[in-house]
Amino acid sequence: MDAIIDVTPAYFAGFLMTLQLLAISGVGAFVVGVLIATMRISPVPSLRVFATVYTEVLRNVPLLLVLMFCALVLPILGSDLDYYPLALIGLTAYTSPFVAEAIRSGFNGVPVGQAEAARSIGMGFTQTVTLVVLPQAARMVVPPLINVFIALTKNTSVAGIFFVDELFKQTDAATRDNPSSVILVLIYAALLYLVITIPLGLIAGAIEKRVVVMR
Amino acid sequence: MSLSVLYDAPGPKTRRWSVIASIGGIILIVAFFVWMYLTLAAPRVNANGAAQPGMFDPSRWDIVALPDLWLSFLNGTVATLQMAAVAAALAILIGILFSFGRSSRYAWVRAITGVILEFVRGIPVLLMIFFVFLVFTAGSYWSGVFGLALYNGAIIGEALRAGVKSLPRGQREAGLSVGLTPMKTWALIEFPQAFRQMLPIILAQLVVLLKDTSLAFIVSYPELARTISLNRTFFGSRYMFTLFVIGLVIYLALNLTMSWIARFVARRSGPRLGKALPNTPRQTGIDGTRAITLPGRGFEPPDPPH
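Here the protein sequences come in this chain order: A and B.
Using the working numbering, count along the first sequence one by one with no gaps and you end on 215.
Using the working numbering, count along the second sequence one by one with no gaps and you end on 306.
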């Protein structure tokens, strides 16, 4: 039991760091993801191709390698950032295509008749998208988007390998400092992760249920 | 031919504008990559004034000629695939067990499965692998396999459960009314349909599993990511960039192939327009706005949580 009390300050700091990583790279990934999704539906072919390649490449590279890229190649390209901002950049870049795909699937989930109806009463591209498709897509996008953020929460642990003092790194250290109560220390860390992920999952579930009723 | 219902087939003016915008976009993107290439190729100057060769200098790439290097990467790739294959088989098995438990007749079985599922789904894979490694002292290979299998099994289990839930009620009723036990109804009638319907999602999840084998890095399993860092200690850190590029290319080749296979299977066996069952959960890209779906591309599985 002493181990629990011993590790609490470090875990608390790590938990806050994990939340910070989640919040900042979450917002970043959302912004970049919306941009990429917009590029993918835009009428300009070169932007569409760029967005597709961006999504395909980043989705098929392990997060570990994306972070390696940030820690290794970005400094050569002239950044003199610390590991923490580099981890933020890596997590943002890795999560953004998943955000874009969630938005895309929400858009595609709106029945085609809705857009056709809008077009047939004379609405243009902007009107169709902003007045008819987007409001309906937004509701369907929220649950998969929350799932992306749940995944991001779990992915922040990989930043621990790259010298960011977040919860997983603190756990790693705690297991070494308390060899007699490894299980306890690990379950403690797991519960702290669950404190973030389970409420997010419940919110996603509740919204999903409401959306289903409305359709 | 119009690609999307969102806008008309472009007229001459729009086409001209679009060509100009495309060229502008291409120039920007190419310029970015040229800048990146030049910066990487430029010699680097240390803090103490000593110049180092650029990243594409032959002196950084001479190891490419060594067979030992390729042998080590081959071993790393095989190790990655070995872990992924066993973990994938186990994950599907665990997924079936989870979905079976979740659709049990007994409330307590459902409750216990639900709690385990939430627990497994909510913690990072990295922590899970670490947990198996330290608590069960399973060795690096098996802790990676079990960590990945448990986590992905939970997600596959949820997908299967959603699949069973989306079946028409008549399927189950028909099974029961011809005298099958509830368990047999589940195993012979509901599960096979759910599995087939959810195959795209399951395959997409297996791509995620393949990617996540890189996390077995943490328990020193000699897979691809570990191979990069092992080679770095062996050849020296001046080859770091070279080794990273090789690893990246192998990962991309592996994962893109897997993704393409997943997509191909999804197109062949996924739910199809007209044949789709009612209440198919989050079935996208078939009869949606096709805002982005270009012609000739069939059903794409929605993203699983990675």
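None of these hints come from the bench; they were simulated from the model.
One should not assume that every hint holds.
[As the list claims (entries may be wrong)] When the alpha-carbon atoms are kept at most 25 Å apart in a straight line, the in silico SDA-like pairs for lysine to any residue are as follows:
# : chain 1 : residue 1 : chain 2 : residue 2
1 : B       : LYS13     : A       : LYS209
2 : A       : LYS169    : B       : ARG232
3 : B       : LYS165    : A       : ALA206
4 : B       : LYS184    : B       : ALA174
5 : A       : LYS209    : A       : VAL112
6 : A       : LYS209    : B       : ALA107
7 : B       : LYS165    : B       : PHE100
8 : B       : LYS13     : A       : ALA206
- Item | List of violated hint numbers, smallest to largest | Per hint list: 1, 8 violated.
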